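Chain order of the listed sequences is A and B.
For the first sequence, my numbering gives the first residue as 1, with consecutive numbering after it.
For the second sequence, my numbering gives the first residue as 1, with consecutive numbering after it.
Hints in this document: simulated from the structure, not taken from any laboratory.
No experiment lies behind these values; they were computed from the predicted model shown.
Note that the Cβ used here is the ideal one computed from N, Cα and C, for glycine as well.
A few of these clues could be false.
Stated by the list, open to error - Restricting the straight-line Cα-Cα distance to at most 27 Å, the calculated cross-link-like pairs of lysine-lysine (DSS-like) are: (1) 137/B - 157/B; (2) 184/B - 231/A; (3) 20/A - 137/B; (4) 309/A - 184/B; (5) 20/A - 143/B.
Stated by the list, open to error - Reference listing, derived: stretches of chain A covered by chain B, where coverage requires no fewer than 3 residues with Cβ under 8 Å from a Cβ of chain B: (6) 8–17; (7) 231–241.
Residues per chain are reported as follows:
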Amino acid sequence: MIRVLDIALKDLLQLSRDFKTFMFLLIMPILFTFLFGYAFGGFGGNESDSRLPVGYLSQDDNWVTDSLHELLTKSEVIRLDENEFRSTADLERLVAEGELAAAIIVPDGYGRAVLKDKTARLTVIADTGTQAWITIEADLLTIAGRLHDAIRTASIIESVDAERMPFKYAFEQSLSAWDEPPIAIKETKSAAIEKAGSNSSAMAHTAPAMMLQFAIAGLLTAAQVIVTERKSRTLQRLLTTATSRIHIVFGHFLAIFFLIFTQFTILIAFGQFALKVDYLRVPAATLLVAFTAALCISALGLFIGIVAKTEEQAIAFSLIPMFVFSGLGGAWVPLEFTGETFQAIGHISPVAWGMDGFENIVARGLGFESVLLSSMALTGYAIFFFLLAVWRLNVTEEK
Amino acid sequence: MSNMAAIEVLNLYKSFGENQAVQGVSFDVSQGEIFSLLGPNGAGKTTTISMLSCLLRPNEGDARVMGHSIRTDAMGVKSVLGVVPQEIALYEDLTARENLSFWGKMYGLRGLELKKRVGEVLEVIGLLDRANERVGKYSGGMKRRVNIGVSLLHKPKVIYMDEPTVGIDPQSRRSILDSVVALKDQGMTVLYTTHYMEEAQELSNHIAIMDHGKMIACGTHDELVKLVGGQTRIDLTLHMDDGKTIDAWRDIEGVTHVAAENGTIAVLVNDSNIVLPKLFEAATNHSARITSVAIREPNLEAVFLHLTGRALRD
Ligand SMILES: Nc1ncnc2c1ncn2[C@@H]1O[C@H](COP(=O)(O)OP(=O)(O)O)[C@@H](O)[C@H]1O
Ligand SMILES: [Mg+2]
């Protein structure tokens, strides 16, 4: 119905007159993203390099080892941290202290062993219980596998036509044929970053956290519009026109939804381009989480607007869930840092589901399917809050 | 003017818990007339209007507005109706033009027609030059005018105005009263509520007097005044009275009602020439001094006094 749209547009016009709206929806989240982002990760260091720092020590002197080194330097996951004065013991200590995600030691004779197709082993120091290790292991296996395969291919070619295809040339050819390896490890990249504690990991957490938190704070202006409408008797007057309650409810809901969704869009764009938080890695997933989170928060806003009797209550009723849901939902301290019990309790908060969804995309590097559960939970909350709002409306309705 | 009633009210009842706000009100309003509900605060005027605009559901009774029942056809009622609520009901953070435009849409107006009507109404309420200021910055009188303007946008057949002149300056009041008459001249039916008897007297074709939820009289101004017969109302003020004078007055032959309120005493008498000297005499006997006397033509005030024994004031 067109009236729903008219009411929504009227609400938005009113909201646009209130500076608090912009303050809570855009200025505060950006400010707090910088603040929290700085507190978590700081801005120093190598911002663009999010690869895992891995120590490297070669005890072998062979061109095959050099090839391995080259492959490792090109890795998308591993950033070689080389210092020829370090000993094996040093590396062990650095890994234990978390300075390095892992360390690779190439033992003497590795290159020759590979060439002779004998069992050749790299020594790797790592805490095998971590996410980071899983990532590194996968990458190492791929790289080592590539090296072995290239050598095997080269020796076969050489044995067939050694004149026109010298071994080293064949080796290089077959190695480069692998330039696009079939195993995509890239996706797990960011999970590792988290362990590495680099800067953009802090942003990948903080940006969505502040976005969700201040979307709830932004409800206070929206809820005020609904409260004022009732207090100023314009709601009564609306009901003397041929406008029904359901039009009014959906009109308000639509306005808040538009507001929150626009906020998400702007902040996601800001996060993507200014903070390098990779929301657009899986655009459809980001869209789905933003959409369902906005649905959920709008329904909450509608409920608050209907329950609150005064403007002051509208403010209080918006700020209390903001603190409770944000705190509980891991917007301040990531839930991964807490125990299992708290994680379970935290998921009472819709913010936890929103965080899961966004972090699966920007921090854990997972695919579209990873946000389905979160989106479903958020939609569930949206329906729950909406029904609660309609129920309250019917209770307060005078007959 | 057709003979069909624009509004037929049949025995409406409404109570809020123990409080019986409206107890069996019935009246008919003809098309194209101004009909006033006159009564003091709390008489049940707003409650009646709320039921007639389908905001409240009556406990008993029914009403038809242009043939639409308030019980079974709320949307039909709303479609012929413009309601000016007693309380100003506007969006204060929007301008007058934005308010009118929004309400016009709620009344089903669109596009060019909406634009045209908003312009016309702004002119009628005399706010064309300040249309783009926020309503929150307006004076009480200006808000009242916008409050009325909103209900005129869709040119309703029937318009309810619930005490539209409360709390405003005399100039705004004058312009509102003039516009009510103008609406009637355009053929609209107006149901007007007020607790000012002068307004009811000046505007209305028919007047229903309400008190304590009941309709105590209904008719034209002249018909109502006849209820007090040949009685005259005398308003007096007393100096140094301990209440005994007033009691003494009640016992004087020819005095039918005495009501004291806000320092003025209203006395309803059969023949002022005979009774007035007796009033002075009684005052002297009780050592009180009459400081002012006014003999009034019989009016609605006298009617109310006659019917309820109380003065009609706020
Ligand atoms: N919503 C309500 N809830 C409870 N009592 C009400 C309500 N509205 C009006 N009343 C009571 O009903 C009576 C009639 O009120 P109202 O219709 O507003 O009178 P009027 O408009 O003539 O001043 C009053 O006693 C008032 O207190
Ligand atoms: Mg009233």
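Do three or more residues from the segment 8–17 of chain A put their C-beta atoms closer than 8 Å to C-beta atoms of chain B?
-> With 4 residues close enough to chain B, the hint holds.
For the pair we were handed, residue 20/A and residue 137/B, check the Cα-Cα distance against 27 Å.
-> holds, 20 Å
Assess, step by step, whether the Cα of residue 20/A is no farther than 27 Å from the Cα of residue 143/B, and give holds or violated.
-> With Cα atoms ~26 Å apart, residue 20/A and residue 143/B stay inside 27 Å; holds.
Taking 27 Å as the top limit, are the C-alpha atoms of residue 137/B and residue 157/B close enough?
-> violated, 32 Å
Please count how many residues of the segment 231–241 of chain A have a CB within 8 Å of a CB from chain B and say whether that reaches 3.
-> Since three or more residues must qualify, the claim that chain B covers the segment 231–241 of chain A holds, with 9 doing so at under 8 Å.
Taken at face value, is the distance from the CA of residue 184/B to the CA of residue 309/A at most 27 Å?
-> violated, 39 Å
Restraint check for residue 184/B with residue 231/A, where alpha carbons must lie at most 27 Å apart | violated, 32 Å
Going down the numbered hints, you'll see the structure goes against 1, 2 and 4, while the others check out.
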